[in-house]
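Trainee: Based on the provided sequences and hints, a complete structural model is requested.
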Amino acid sequence: MLRRSAAIGVLAVTALFFAMPREATAQDARGFISRLGTEAIQVLGPSVSPARRLARFRELFRDDFDVPGIGQFVLGRYWRTATPEEQKDFLRLFQEYIVRAYSTRLAEYGGEPFRVTGSRPNGAETIVSSEIIRANGSRIAIDWHLIDHGGAHKIIDVYVGGVSMKVTQRDEFASVIQRNGGRVAGLITQLRQKLGGAG
Amino acid sequence: MRVRRLPLLLSGIVAAGLAVSGCAAPGAAPGTAQTASAEEGFNDPFEDTNRGIFDFNKAVDDAVLVPVAKTYRTVVPPPMRQSLHDFMRNLNGPVIFMNDMLQGQIGLAGNTLARLAVNTTIGVGGMFDVAKLIGIPYHSNDLGITLAVWGFVEGPYVIVPVLGPSNPRDIIGQIGDGLADPGNYVAGQHHLYYAVLARTVTSGIDSRSRNIETLADIEKTALDNYATIRSLYRQRRQAQIRHEQSNLPSPNPLSGSDGASEPAMSYSIAK
Numbered sequence: 001m002l003r004r005s006a007a008i009g010v011l012a013v014t015a016l017f018f019a020m021p022r023e024a025t026a027q028d029a030r031g032f033i034s035r036l037g038t039e040a041i042q043v044l045g046p047s048v049s050p051a052r053r054l055a056r057f058r059e060l061f062r063d064d065f066d067v068p069g070i071g072q073f074v075l076g077r078y079w080r081t082a083t084p085e086e087q088k089d090f091l092r093l094f095q096e097y098i099v100r101a102y103s104t105r106l107a108e109y110g111g112e113p114f115r116v117t118g119s120r121p122n123g124a125e126t127i128v129s130s131e132i133i134r135a136n137g138s139r140i141a142i143d144w145h146l147i148d149h150g151g152a153h154k155i156i157d158v159y160v161g162g163v164s165m166k167v168t169q170r171d172e173f174a175s176v177i178q179r180n181g182g183r184v185a186g187l188i189t190q191l192r193q194k195l196g197g198a199g
Numbered sequence: 001m002r003v004r005r006l007p008l009l010l011s012g013i014v015a016a017g018l019a020v021s022g023c024a025a026p027g028a029a030p031g032t033a034q035t036a037s038a039e040e041g042f043n044d045p046f047e048d049t050n051r052g053i054f055d056f057n058k059a060v061d062d063a064v065l066v067p068v069a070k071t072y073r074t075v076v077p078p079p080m081r082q083s084l085h086d087f088m089r090n091l092n093g094p095v096i097f098m099n100d101m102l103q104g105q106i107g108l109a110g111n112t113l114a115r116l117a118v119n120t121t122i123g124v125g126g127m128f129d130v131a132k133l134i135g136i137p138y139h140s141n142d143l144g145i146t147l148a149v150w151g152f153v154e155g156p157y158v159i160v161p162v163l164g165p166s167n168p169r170d171i172i173g174q175i176g177d178g179l180a181d182p183g184n185y186v187a188g189q190h191h192l193y194y195a196v197l198a199r200t201v202t203s204g205i206d207s208r209s210r211n212i213e214t215l216a217d218i219e220k221t222a223l224d225n226y227a228t229i230r231s232l233y234r235q236r237r238q239a240q241i242r243h244e245q246s247n248l249p250s251p252n253p254l255s256g257s258d259g260a261s262e263p264a265m266s267y268s269i270a271k
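Heads up: the protein sequence lines correspond to chains A and B, in order.
Under the numbering used here, the residue at position 36 of the first sequence is numbered 36, and the numbers go up by one with no gaps.
Under the numbering used here, the residue at position 40 of the second sequence is numbered 40, and the numbers go up by one with no gaps.
Below, simulated BS3-like cross-link-like pairs (lysine-lysine); rule was C-alpha separation at most 30 Å, straight line:
1) B:Lys58 with B:Lys220
2) B:Lys132 with B:Lys70
3) B:Lys70 with A:Lys194
4) A:Lys194 with B:Lys58
Read the hints as simulated data drawn from the structure, not as lab findings.
Mentor: Given below as structure tokens:
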């Protein structure tokens, strides 16, 4: 009798588990961002050396972001006009550029409390909302757009205060390309120069 | 006189807005035009001139604004700066309330009114944001957003000398907000024009002092600072117009918004 009810219990739990895959994924996505955000904020803190911060950011970006997807998006219509060689060069340089730019731009949030506030499905994406509470009491809303990439979460965009970082980057790169006569090579040269220097 | 002034002013603004935006259909959803051509649509036909003014503003910023803002931050202790910030925000309350109402955002208008009542009294004339502590967060609003909600198009992107990124719709909005502001009105009635000027300058120093690092970091890391700021400004305004963070469902109607959230990186760019 006891064994039977235990077996039913196990069955019920198993059934529940499979009945709510979506809930589990959403929970999972929240946990993923919670861990990532907390770690990133920690890495940005004043006690971490700039070299170590950069190294850790490089890892975070490579492992948790959909780098090829973002790279293609930010090049916009110029992706198709670029040669395969340029595409390869661009992806490599762009990755390093993002890592350097954002480890600098986000440094001021270092050590401030970060918390996940919710998540919602958005088509194939999951959007996880979070916020940073600044020392002066103001809150900064950060929305993370995630896709499921072979069972692993990958970030495809980050919205800070309603502003898409991916779109901002695309707009900037498009402007650089336009000012270089529509040539992707011009952007690649500028990226190389920027990275070649101090920062 | 006082009663008649506002409608007159509004019709003037609407007329001017119509002229600038070429009679946009009032029913058109704001932002659709931009979304459709988002890939290349910087909406910046005067880019060369704008870049010139942008460089000029940068020089003014380096020579005057940033040093003043830094001095302010060094000399004035944080609690006093916070109080001044809260005070300036409270002064803007009536204009925010007006725009909440004009946009039909009754919930937000209720928040603004409650904040004004609480902060002006218990918060000692607005020097302490008591309302935030009891769960009524601040949100910004302005006539530029109202005009967008009503269907006026933004017009070309422009850089205003000293003031920075804008567009005809936001410029008209700023002028309208300034004229409709009861504080400015009272000061005008008593010929205390320096008070209006002092308020503008103080609020400018306050905002600049709050984003020195943010803007410096963007400038340092950007390939094209001008294009980055342009994108941030336009996206931020679009998000504000959508009332994105204000429309999140909340169990509590009085604190029913995420509108207190600061726009972070784009804070100064599109307040």
